[in-house]
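S.K.: Chains as they are written, first to last, in the numbering used here: chain A, 131 to 631; chain B, 131 to 631.
These are calculated hints, taken from the structure and not from any lab test.
Note that beta-carbon positions come from the ideal geometry of N, C-alpha and C, so glycine has one too.
Hints may contain errors.
Covered stretches of chain B, going by a simulated chain A footprint (3 or more residues, C-beta under 8 Å) [as the list claims (entries may be wrong)]:
{"no.": "1", "region": "154-161"}
{"no.": "2", "region": "180-186"}
{"no.": "3", "region": "261-270"}
{"no.": "4", "region": "466-479"}
{"no.": "5", "region": "493-506"}
{"no.": "6", "region": "559-568"}
If you want a taste of the chain B side facing chain A, the calculated C-beta under 10 Å gives, among others [stated by the list, open to error]:
{"no.": "7", "residue": "E175"}
{"no.": "8", "residue": "H198"}
{"no.": "9", "residue": "C207"}
{"no.": "10", "residue": "G373"}
{"no.": "11", "residue": "V376"}
{"no.": "12", "residue": "A574"}
{"no.": "13", "residue": "L600"}
Chain residues, written in single-letter form:
Number of protein chains: 2
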Amino acid sequence: MTSAQMKTFTAVKPADGSNYGVPIKEFNQSEVNDAIDAAARVSDELRQVSPADHAALLRAIAASIESHRASLVESACAETALPEARISGEITRTTMQFELFARLVETGKHLDVVIDKADSNYSPAPRPDIRKMNAPLGVVAIFAASNFPLAFSVAGGDAASAIAAGNAVVAKAHPSHPNTCATIQLAIKDALKKCNLSPDLYSIVQGVDPQITHWLALHPSIQAIGFTGSETVGRILVNLGAGREVPIPVFAEMGSLNPIFITQEALSERAEALATGIIDSALLGSGQFCTKPGLVFVPENEVFITAIRQALSGKSVAPLLSKTIADRYSSSIAELSKLGSVEIIAGASGDNGFSVTPTVFITDWKTAEKNPHLLEEHFGPTTVIITTDESEFLSIADQIQGQLTGSIHCATNEDVTPLSSALSHRVGRVIMNAYPTGVAVTSAMQHGGPWPSSSSHTTSVGVDAIYRFLRPVAYQGFDQMNLPSPLQDSNPWKVIQEVNG
Amino acid sequence: MTSAQMKTFTAVKPADGSNYGVPIKEFNQSEVNDAIDAAARVSDELRQVSPADHAALLRAIAASIESHRASLVESACAETALPEARISGEITRTTMQFELFARLVETGKHLDVVIDKADSNYSPAPRPDIRKMNAPLGVVAIFAASNFPLAFSVAGGDAASAIAAGNAVVAKAHPSHPNTCATIQLAIKDALKKCNLSPDLYSIVQGVDPQITHWLALHPSIQAIGFTGSETVGRILVNLGAGREVPIPVFAEMGSLNPIFITQEALSERAEALATGIIDSALLGSGQFCTKPGLVFVPENEVFITAIRQALSGKSVAPLLSKTIADRYSSSIAELSKLGSVEIIAGASGDNGFSVTPTVFITDWKTAEKNPHLLEEHFGPTTVIITTDESEFLSIADQIQGQLTGSIHCATNEDVTPLSSALSHRVGRVIMNAYPTGVAVTSAMQHGGPWPSSSSHTTSVGVDAIYRFLRPVAYQGFDQMNLPSPLQDSNPWKVIQEVNG
């Protein structure tokens, strides 16, 4: 292909709308296929390495990403307009995710080795020797999010968990931060080479053509999909995955409104602090978090509403991630502003690049019920505050769709178990007296709730994310020499084994 | 509804084609909805009971089923033509499955409680108190299989695991053994009442109208589906589940050919025993097992083929489960018999009811490759023996579709790791020197392989089947009094808790 035929696109700086970085090659279908085919050819490599070597790879990737910190900060800040402290924190979180998986992988706990030795007295029938372990799936396709250029991008939680599970990965870079993704690819391929593994185990594909999504999702060698993004694209991927000749699982993390419920008692105690906390959480990262509180249910209270007005007054946010996101935000705000019985509170408008005006809507439950648009996700620095009697909370909680989180603000020693129980049916994480933004990467974290917040019952944050990309395989009646290492009695890899219960 | 309007159907005895038992009411859509709505209203009940009480329910169900043993043996033998010993064994397996889940549930291990206490030094950010546990999904729809009237039917592994997970269950009875299913419903509702739980937590729906499948799969209160049956119906359910406004997971266990590979060394050692073993396994239960060996790859060997002919000679099997299955079998056999370059070996034809003639086909890999019909599943007492050079085994293993099992027969101390590894990519269980029929219900069992043998990476046999019907929920920043019992520091239910790793 001559350079005249090669399609390219260029990153755009949200701060001023100017181009950033070198032209990025747009992948055509045959190039996407090549990346997947190359990954498929080597997809068995990580099965063969010991947990120690596997963990060493994950740490080498973390170190390699760390060694590119300066260049990653520069490109990610330019490509997203997110502040340096946020990008720097995301790099740390990204490398820490690899470290957490390294600590898991070196124990072999994720292999879930279960050994049931032969038992001639077993009921209802004698039991042969059966040993089970988790195995990687093969090649996993990862679709990067735009709003976390590191921690949920091509080396984010999805990619890290897929590699930690032993899969080869082909990641679709988000076109809003292509230079950052290119540096990550460089870093990971370097780490693979240093560990004497094939660089084809990890590749990114780039492009703005939506067909790339189809090429990836429908390639027969792709065994699973990890995705973070909109419900619209998530639904397309779920349908593509289910409709294939051989269906594959699609682990999509999509939209969430993250409703907050404030009890009368909490309001009496600390209306102003709650108002400030909600505005801070809703505007954090310019409101571009999957955990942004998009709905707040609160008894009528003038102190609270006044504090909301004050908290927003004069407040501006950094430009949004892309022109598409900024345009969609502005048109949503314009639509909502046309509704009757809705108070509109605007912050300060930014004047550079993809800036928008943070805007909060205040209405009552009766109005909201009649205007479903108020109850939908609006990505960006906005939230909808709905005044309602506390006695309506349970019925509202029963009506909301699936969410990543649901929060309750209450007083000390207040019994909120009915509301907490109702929310636990609708969300993946119930939060008490805190705000949904900020997701701790820890074993007990659950980042994934009922549809449409997620397409499965798994988590995309925390070490349990690894189990999405593993599959159990049992070995029955095997002699020791033919068993995979983790299942042998001599346990050469020293993995955790559960033997006879 | 007057009896004139009420549609019914009647069970048929495969032994002679005559009717059996009372007329069975065919459920219409509103009756299906009623069963689901009633289940949804009480679907929270099992969340509230302690592990000890939950285990007591599972044991009460086992005891109640046991108390109906005589009547279950009578109806199941009549409705399936399976021998009494098999039915009796299935009842034991069914009650034992509830007992195994009781033992798991009383430990609370299935709740996967993980407690990460607040840590202000956590990197990259201070960590709040986060506690995670598994919760049931709500109402689960179970579709019973025809070939296991107890162990994979309305109280089989799918239903037992869904109840053990704490869900309400609405089970679609298979119309080939409706009286057996009616007795099971009676037994389970009795057990629920004895345990002071709502009988609506478990109901069956009956009918021959294929629309029932759609009514169940599309009802908004159904949160997951467990299915055992054909790839055709499994695919329909997977598409229905993915296409809903709120998609739900469909755990389908479908077709499998369970290929057997015999090495030259094994053949030299014991050709005759292998031939007998294969015919016994293929004809067991009249060849109506999901684990029936449907393909046998073996080097050319006259002793082996002669032994196959002898093993089949004069052998007859019990009638098949239904006229549909018998007709489909006979037409498959007729189709395969028309192919050239295929030797046909027939056993003895039965002369009663839905009897058929066990038939084995012998051909070479070149012929099989050109006739995909030979490589498809044919339910019933048949298998296809394919002669091929051992050097072709790896390439064949790489080409086969997803299977529940793959077996290798080899000599002592023979290295078969390349073949075992290739099979491990295609199957859920790799078996050495044994036959695939007979699935031990144990922790290390994996009954589920890549599509089309299963629609997910889960198992439908063994205690791990429970995890299909659970979903993690995290609680962040909660005070003790508002936490669910399993997450409290005082651990009143004494469940297994993982605290700070």
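S.K.: Where does the structure disagree with the numbered hints, that is, which hint numbers, in rising order?
M.R.: Hints 1, 2, 4, 5, 7, 8 and 9 are the ones this structure does not satisfy, whereas the remaining hints hold.
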